[in-house]
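Numbering (my numbering), first residue to last: 1 to 119.
Please note that a few of the clues may not be correct.
[Unchecked claim] List of simulated lysine to any residue pairs, SDA-like, C-alpha gap at most 20 Å: (1) Lys76 to Glu37; (2) Lys76 to Thr22; (3) Lys76 to Thr117; (4) Lys76 to Gly91.
[Claimed, not checked] Label pairs and their in silico Cβ distance ranges: (5) Ile18 to Glu49: 28 to 34 Å; (6) Gly41 to His87: 21 to 27 Å; (7) Ser40 to Asp14: 27 to 33 Å; (8) Asp85 to Asp14: 15 to 21 Å; (9) Asp14 to Pro58: 36 to 42 Å.
No lab work stands behind these hints: they were computed from the structure.
Only a predicted model underlies this, so the values are computations on that prediction, with no experimental measurement involved.
C-beta: ideal position from N, C-alpha, C; glycine also.
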Amino acid sequence: MPEMRFTATEYDDDLDVIMEATVEIASDGSWQRTGTETASGVLTEEQVERIDELVDAPDFPVDPDNDMAAATVVPKYLWSLTTGDDHVSNGNGGFVGSDSASAIAGIIIEAADVGPTEA
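When you get a sec, could you build the whole thing from the sequences and use the hints?
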């Protein structure tokens, strides 16, 4: 699994920051969370295998067949994922042009408990 950095910031209606997190993920699946709260842990073997599959998918980090566009609006829950030279984010109105990147983000959000705090 490649090393990764996942960042998340959540805003309230007044655009004040509610939560910030940076999760550094090592190639062995171990992770360190810093920001509003700190934590550490290790991805399961299944999560590591799934991420390995997803980073090799043809639509990672961007699906070349996806020509959709979204309004340029900062979402209330903003995340970005960086691995090597690849970078993907939901910063374009919450739109992500890669199902694989979204799935990787979901794995990390769940494992490091950095999901949105407000519904």
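Here is what the structure says about each hint:
Only pairs whose Cα atoms come within 20 Å are accepted, and lysine 76 paired with glutamate 37 is accepted, the gap being roughly 19 Å. At most 20 Å may separate the alpha-carbon atoms for a hinted pair to count; lysine 76 and threonine 22 meet this at roughly 17 Å. Straight-line distance between C-alpha atoms of lysine 76 and threonine 117 comes to about 10 Å, which keeps the hinted pair within the 20 Å bound. Annotation: proposed proximity of lysine 76 to glycine 91 holds, straight-line Cα distance about 10 Å (limit 20 Å).
Checked against the hint of 28 to 34 Å, the C-beta distance between isoleucine 18 and glutamate 49 comes to roughly 33 Å, which is consistent with it. Against the hinted window of 21 to 27 Å, the Cβ-Cβ separation of glycine 41 and histidine 87 comes to about 24 Å, which satisfies the hint. The hint said 27 to 33 Å for the Cβ distance between serine 40 and aspartate 14, and at roughly 32 Å that hint holds. For the pair aspartate 85 and aspartate 14, the supplied restraint of 15 to 21 Å is violated, since their beta-carbon distance comes to about 36 Å.
Range check, aspartate 14 to proline 58: Cβ separation about 41 Å, and the 36 to 42 Å hint holds.
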